[in-house]
Amino acid sequence: EAQVTQNPRYLITVTGKKLTVTCSQNMNHEYMSWYRQDPGLGLRQIYYSMNVEVTDKGDVPEGYKVSRKEKRNFPLILESPSPNQTSLYFCASSLGRNVGEQYFGPGTRLTVT
Amino acid sequence: GESVGLHLPTLSVQEGDNSIINCAYSNSASDYFIWYKQESGKGPQFIIDIRSNMDKRQGQRVTVLLNKTVKHLSLQIAATQPGDSAVYFCAETTPGGYNKLIFGAGTRLAVHP
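Chains as they are written, first to last, in our numbering: chain H, 1 to 113; chain F, 1 to 113.
So here's chain F without its partners, still in its complex pose (with noise of 0.2 Å):
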């Protein structure tokens, strides 16, 4: 695989335990947000994302919170399988920037059996 997560943080957590990947973000004027998973050797895949006129947005075994008075993203994934064993980056955007995209350094996350 593509080794490009040498030296991201790194949470481990048990098989059927919750997740939580917690994520900076750095402009506060950024107003859409996203999460995404990157599996070994795979280019990144769309998680979920959520607007800054919300604090909360579930998808399927996953939720994304947005505290915006501190400029803080979490992804939480519920009942964590080995199959979510990944790199997970946040992104942001900004009002009339929604042609790019500013990624986060990522965090590993390793599911252990």
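Chain H on its own, in the form it takes in the complex (with noise of 0.2 Å):
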């Protein structure tokens, strides 16, 4: 079954405790990304990644790394997680450049306390 998984699927943590949720498909995908979605806000794009060793910036990268070492797998590094990354994280994926059909995993929620 072609599908996106991330986990964990919920994260409870403290303030500065670095975390990672990784992220696979299962498509052969060339793209990738990471959103962040929270009340009232829609989805907002962390980082993507076009193919294996590239990867750059969306609109709220601040407070986030990733990297793209194998072309199914795009893990979403925490290094010093803060409250304000609370929210529920998707990982998406699509096959070249068509980033508008994208297939999304089911989410993390990750709270920081």
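Check the hints yourself; a few may be wrong.
Unchecked claim - Under the rule of at most 30 Å between Cα atoms (straight-line distance), these lysine-lysine pairs were calculated in the DSS-like manner:
no., chain 1, residue 1, chain 2, residue 2
1, F, 42, H, 71
2, H, 69, H, 17
3, F, 100, F, 56
4, F, 42, H, 17
5, H, 69, F, 42
6, H, 65, F, 56
7, F, 42, H, 65
8, F, 100, H, 18
9, H, 69, H, 57
10, F, 100, F, 42
Bear in mind the hints are in silico, worked out from the structure with no lab data behind them.
Two chains, two frames, a set of hints: combine them into the complex.
Have a look at this one:
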């Protein structure tokens, strides 16, 4: 089954404790992206990657890092999480440049206390 | 489910009626537009897209209309069903910015039997 998976689905952590949210897709997609979703704000792009070893900032990259060492994986790293990073996070992927037809993962609910 | 739509505008319709969801986009240079559906507890799902050289595009039970003069996008759903209940987002991207989608805040569609 074609899908985007994220882990963990739920995470509660404390300020300053480094964490990684994993994202993996099995569709051989070139493009991958991370979004955060907050009430009333829709989805905002954090980082995206056009292919292996090619990443770039989205609209809200501060406080986040990403890496793309393999085509299928695109982890999101929070080196020192803060409470304002409490949010719902989505990973997405698409084939080539048609980023409109993105496949989204199920989401990761992160709470930073 | 995930509470991402606490303060969203809501459109309530009767099952079987047609629904029209509206979106005002922000950038007059945007040339590609997409509608996504997000059900409770899930990631967004691609519905339909349209390029700026068109003013109408039809899918299965859905139609997207684009009015570039007033920067307005609408999604029409024919014979609305309970399974259509969800939050609907429009998204836009600009020439040369196909890597980045800008999402609207969303509209909740509630279908009543």
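Checked hints:
1. 42(F) / 71(H): 24 Å, holds
2. 69(H) / 17(H): 23 Å, holds
3. 100(F) / 56(F): The given pair, whose Cα atoms are some 23 Å apart, holds under the 30 Å limit.
4. 42(F) / 17(H): 27 Å, holds
5. 69(H) / 42(F): Holds. Residue 69(H) to residue 42(F) sits at ~27 Å (cutoff 30 Å).
6. 65(H) / 56(F): Distance of about 39 Å is beyond 30 Å: violated.
7. 42(F) / 65(H): 24 Å, holds
8. 100(F) / 18(H): Distance ~27 Å between residue 100(F) and residue 18(H) Cα, so the pair holds.
9. 69(H) / 57(H): Measuring from Cα to Cα gives roughly 17 Å; hence the hint holds.
10. 100(F) / 42(F): 21 Å, holds
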